[in-house]
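Starting from the given sequences, assemble the full structure and let the hints guide the process.
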Amino acid sequence: QVKSCHLSAALLGEDSEISQEQLYELLKYAALGKCHEAAQPSWCRIYHQSHLAGVVVVVLHEMSQLHFYRFYLQFRHLRKVFRHRFTLAPSANFPVSLYGEGTNLKPQNTPQGIFTATSTSECTAKSSDLQCDPIIQRYGEKKQGLTSYTLTLEEQKKNDYPIEGSPGCKGYISTECDQQRTDNSPLFGLDCEMCLTAKGNEVTRVSLVDARGRCLLNELVKPESRVFNYRTRFSGITRKMLLPVKTRLSDIQTRLKKMLPHDAVLVGHSLNSDLQALEMIHPSVIDTSLLFARSEGRRFKLKFLAKAVLGKEIQCEQKLGHDPTEDARAALELAQFFIEQGPTKVAELNLEMLLTAEKLAEVSKNKAVQQPQGCGLQEQLNEPPPLSKPCFLDCLQVTGQKPLLLGRQGSDSSGLCQSNLNTSNKQILQRALEDVPLSKFSIIQFTLGPGYLASHLHAGLHEKVSSKLTDMLTIYAGPFEENFCIKSVKKEFGRCGPIQSLTVVTETFQPYVCIQYEVLEAAQLAVECLNGAEVAGSCIKVQRPVTAAMLDCNVLIKELELDVENEGVIYVAGLKKSLTETELQEEFGRLKHLEALFLPKDLQSGKHRSCCFLKFQKTQSALGALEAMNGCTMKGSELRSRKALAPGHLWKWIWQMNHSNEKQGKHIFYEKMEQLSDSEQDLRKKVKKLDQNIRKLYRSLQNNTLCVVLFPGVNSTHGSQPGLGLMGIKDDEGRSAC
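Letter 278 of the sequence shown, counting from 1, is numbered 278 in full-length UniProt numbering, and no numbers are missing.
Hints listed in this document are in silico derivations from the structure and should not be mistaken for laboratory results.
Positions of the beta carbon are idealized from the N, C-alpha and C atoms, including for glycine.
Derived DSSO-like pairs: lysine-lysine, alpha-carbon spacing no greater than 27 Å straight-line:
1) Lys426 with Lys696
2) Lys359 with Lys345
3) Lys487 with Lys576
4) Lys592 with Lys80
5) Lys301 with Lys345
6) Lys464 with Lys686
7) Lys157 with Lys257
8) Lys257 with Lys158
9) Lys426 with Lys80
10) Lys222 with Lys199
11) Lys558 with Lys688
12) Lys468 with Lys491
13) Lys359 with Lys301
14) Lys312 with Lys359
15) Lys576 with Lys601
16) Lys577 with Lys490
17) Lys635 with Lys577
18) Lys464 with Lys80
19) Lys28 with Lys345
20) Lys28 with Lys359
21) Lys686 with Lys468
22) Lys199 with Lys170
23) Lys222 with Lys246
24) Lys158 with Lys142
25) Lys688 with Lys80
26) Lys80 with Lys696
27) Lys170 with Lys246
28) Lys157 with Lys258
29) Lys258 with Lys222
30) Lys426 with Lys685
31) Lys303 with Lys359
32) Lys685 with Lys80
33) Lys80 with Lys686
34) Lys468 with Lys688
35) Lys80 with Lys468
36) Lys170 with Lys258
Simulated restraints on C-beta separations:
37) Leu639 with His51: 36 to 44 Å
38) Arg299 with Ser174: 21 to 29 Å
39) Gly297 with Asp263: 24 to 32 Å
40) Gln430 with Ser605: 47 to 55 Å
Okay, here's the thing in structure tokens:
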């Protein structure tokens, strides 16, 4: 039975702001898991990653957090399905920041200019630089038979192979195979494990496999001399294992001579070491450490080649020592791959780039370990500086995964081609519905269309969202008596939450107060708790401003309450500012199933506000806490609470908007009866259709698929707007699993 994957992320407050690097961290672990030494993300956790059916990233081109909240009611599917949201740092060139600097997005041979992408390795390998590859320089570009890849006598001498008649090979046994090999000669994979004895390196285990990978020999061997080091970590051999063994080196030599035909070609990785330990001479060899040529005499490790070329994991850390049969088979398959595919195909893998990407990931994983003074990153890698930053597609290629990238050719800085702007979201969706099930990693890009992508349009959008948020944060209360006490009014309304500003309205027959709060929940609490109440000696009415934009305020409040991200989250006001975070943790820690506490802070002074958000593991526990908490006291202060309205990532954004308006002198407390333009109505329709497209795509996904929807944000000369990410793992009910 397939285990159910789920995602855990307590994204509250400042923790909900995610960088491009952290997003990359999530996608890399989700797609590659431990097989590429990717680590669990630092800001969230994926459970049972190995059971993920796939990863799908939906990118909404040139859209930001502004779009999501301006058209919150239209994004019905997104807000009801995805439990986890985060603010995303904007990027001037989002595809490059996600895929890597070496990514080349180009049109596919598909209808209407849908684009695909190739990785750095593919782009580089297909350029003229391919001629500089050591593999091409050594073997040329054309495919050849196996005899072209066997080592010459001079190459054997240079690489310390045992040679007939050499001074150091006295007493060595010849396999008695001749050099009459052909391109049809049989291949055999050979690998040995050695221990350190008084004599030097002596064989403790020998494995031989045939061309079909079948094991012909897998034998333990008792060394002749006293053993100093069994090298158990690498060989897997222990003293106990060798105690009952009777087989000696001479027995193995005899068996090998009988097993190998006269034209046999032995294949191994650094095979000279194995033949030296076996004390045997064989004329026809293919050494995979030399076959996959590198510059400056360096060699790739067998473990890396097996992963990069064959997509196989060998020499796993969980196992005790190496498995010589596994290593012999890997070397054999590598040689077969090289012969069948030819030098050009092997060079196009761009193994140098893949190795750099792998080592960068390893260094990043161990970055907590302090480097020795003067030892830089390149010294640790022992590699020449890479031409460009390894891209995400290169890392996927290491495991043999081919990502699907679908999107619209189009505009500006995205790096896409500009030749065809006729591709519709409908065409992209249709292609995605067909191809996404066939891919383990997919990136699908939708757009609102060229008329809505200009960055300068965000300025007007920002003003509209800012205006609406300000109106929702604002309440009017009154009427009061002429000489009412402002201090008592501020105290009473302050028990609903932190106040941004309080002004007295004197244009009316009797005085009113206009209060702007810092959080949506505070304004809503004031309307719910104080409308009709007696404050400062007067029975008052509490209401929000009446503007065209506020006519759907009650609908919006209701939908915010039902927002899937607000499930199990409650807002608590009336806290004394003298209470420390530790004291609050102790007090609220007694509540059942409490998962996290977020204490909003003034972003200038750093002092916490008179309110907090509590996230519970279960919705029922949150409702129980809400019922028990209203009206109760904590350290002498009466608490007020309600269901949360603003998701955790939104609080900081609202605060910044308030202060931005304050600095610019924008007072939006007047009635604005503006006509909804035709373009605005059209945009709402497009957004609604976009939400429906994502819904169709999401419904088509397999269970246990990680889906991430990204509003990349805008970072241009016209201004910067943060992005927004929504994520979840689809479960049996079609929702994202928490």
